[in-house]
Amino acid sequence: MAMRRVRTGVATAAAWAVLGCGDDGRGDSAASGSASSPITTATEASTATEPTTTTAGTTAPTTAGGDSESTGEATTAGTTAPTTTSAVGCQDCTQPHQQCIAGECVSGCQGQADACGPGQVCDVISGECKDGGDGCTLAGPSAACDSAECGPGSACDGQGGCIAVAPCLDVACTDDGRCWGTQCSCERTPSCGDPPADLLNGPFSADISALDFADDCTAWAVTVSGGQEFVRRMSSAGEMEAFGAIGDYDLGEVRVLRNLVIPRAAGSPALTAAATPPSPVEGNGEVALTYICCPSCGSCANNPSARGVARLVEDDPVMPLPIVIYAEPTQGTGPFGQMHLDGGPQGLTWGENRVLYVGNAVGDGDYSSADLEAGTVDSLYTFDARVSASAPVSPVHNLVALLEGELYRFNVVTHEAEFVVDVMADVTGLSHDAFDGHVYASLSTLEVVRVHPFTGAALPFATMPAKGRVAVSPSGALWFTPVKYLNAGALQSWPLPTGL
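Okay, so the sequence shown: first residue is 1 according to full-length UniProt numbering, each after it adds one.
I should point out that these hints are in silico values taken from the structure, not numbers from a laboratory. Glycine included, every Cβ here is placed at the ideal spot set by N, Cα and C. Certain hints may be false.
Computed spacing ranges between beta-carbons, pair by pair [as the list claims (entries may be wrong)]:
#1 Gln-331 with Ala-113: 34 to 42 Å
#2 Leu-169 with Gln-91: 45 to 53 Å
#3 Ser-296 with Gly-227: 48 to 56 Å
#4 Ala-488 with Val-318: 40 to 48 Å
#5 Gly-244 with Ala-113: 55 to 63 Å
#6 Ser-235 with Glu-187: 24 to 32 Å
#7 Val-318 with Thr-498: 16 to 24 Å
#8 Ala-488 with Ser-296: 23 to 31 Å
#9 Pro-495 with Asn-201: 15 to 23 Å
#10 Ser-191 with Asn-303: 38 to 46 Å
#11 Gly-227 with Glu-314: 18 to 26 Å
#12 Glu-328 with Ala-113: 46 to 54 Å
Construct the entire structure; sequences and hints are all you get.
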């Protein structure tokens, strides 16, 4: 299924999606990088764009941006606006934004187009009209989803239903299909701590090429050294263990299956269209990685065993990292600009349905699902450029980066892709923050950009000291790791925002 590009809109600071106060989470880097590149985004409003081909002979229109959250409106001085009441009693007080209080039906502002006055926004967490700068506020426009409308904290599943997205765990919908997120958290509450930085920068990070974290803050790393390669694990307490890869076959990315599943609303249509995701693989904390050996390099040349997707089998001391999905030999020119790092499959990620997704397994631009239980690959889509990174952002959506910087939101059920933003530089890595739903993109220019995957809002967050990748930890930190085959350097972290 070939893709047609859809580019619309311009990024502005006002496109920032989640309204409210709190630590902005930015940090200064140890060294500055290249000058910032301009960023092109999809427009905030739900605007029809060119159709995206989904199956042979069938096209479906796509919409750009606007799925869940808000542009920052100007604030005015004032107090929280009251909710509306009805004196007719509570016999018809049945909608999810209504409560019967002292015999009167009190309605919150959720699901109403013009519930709040000038300079105020509807906070779907409290149901109150608030000034736009107030803390713990989730507000924004709704996006059409067939006959439904998906408001803040929710997104369209591509099949007419609204599903919850971070920072919300569920959705509520009125009888006429106006939906918003519920059970939303507005403060980050880490449940674990990262391994000590001095230990992460010890033997654990020798020849490191990528980093990821499990839900318990266990750190995982893979290596590119030109010799024997390894996957390494370090617990929060600093205990390290290593697993040997297949000889000197270079390792590209490491991904840990994390507890990112977000329940759907009971009233949403079941996701049971003809294109059904592959059967799940079990195990939160399960580790997968890519072998990316250069197709023209040494023992990797004409060797089908040198490229693919592997899983960690801890109880097999002889072959703990076997390739279970073999990939065709492919070679890119980015995002690192080094042939040993830019070949083979890239864009490895776990979806929330516990199936792996990876780019370039069949050919450049291919995006495939990997069922590790069955050991099979299903080619789902073909982008018009090589995939460099991807990350899950909802139960049915992955954010996918292409060479040169275009980001697309790919629906793993309908197999449709929608343009989100162009960051105008190669993306070396994407990492999703389950707290507020933002994705952190590390760029070849050394910039780190904070992207909202449903509005396209993108702003600079930090600068890396060298080319590398970033990884969100459940501790509330964003970690940078250098690719030491290119640059020696230390792992370092920046604090992430602590609240909405």
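Hint check results:
1. Gln-331 with Ala-113: 34 to 42 Å: Violated - the Cβ-Cβ distance for Gln-331 and Ala-113, about 52 Å, lies outside 34 to 42 Å.
2. Leu-169 with Gln-91: 45 to 53 Å: Violated, at about 31 Å.
3. Ser-296 with Gly-227: 48 to 56 Å: Check failed, 19 Å falls outside 48 to 56 Å.
4. Ala-488 with Val-318: 40 to 48 Å: violated (33 Å)
5. Gly-244 with Ala-113: 55 to 63 Å: Given range 55 to 63 Å: holds, Cβ gap about 60 Å.
6. Ser-235 with Glu-187: 24 to 32 Å: holds (26 Å)
7. Val-318 with Thr-498: 16 to 24 Å: Given about 46 Å between the Cβ atoms, the range is violated.
8. Ala-488 with Ser-296: 23 to 31 Å: Once the Cβ atoms are compared, 26 Å apart, the range 23 to 31 Å for Ser-296 and Ala-488 holds.
9. Pro-495 with Asn-201: 15 to 23 Å: For Pro-495 and Asn-201 the Cβ distance comes to about 18 Å; the hint holds.
10. Ser-191 with Asn-303: 38 to 46 Å: holds (43 Å)
11. Gly-227 with Glu-314: 18 to 26 Å: holds (23 Å)
12. Glu-328 with Ala-113: 46 to 54 Å: holds (51 Å)
Of the numbered hints listed earlier, those contradicted by the structure are 1, 2, 3, 4 and 7.
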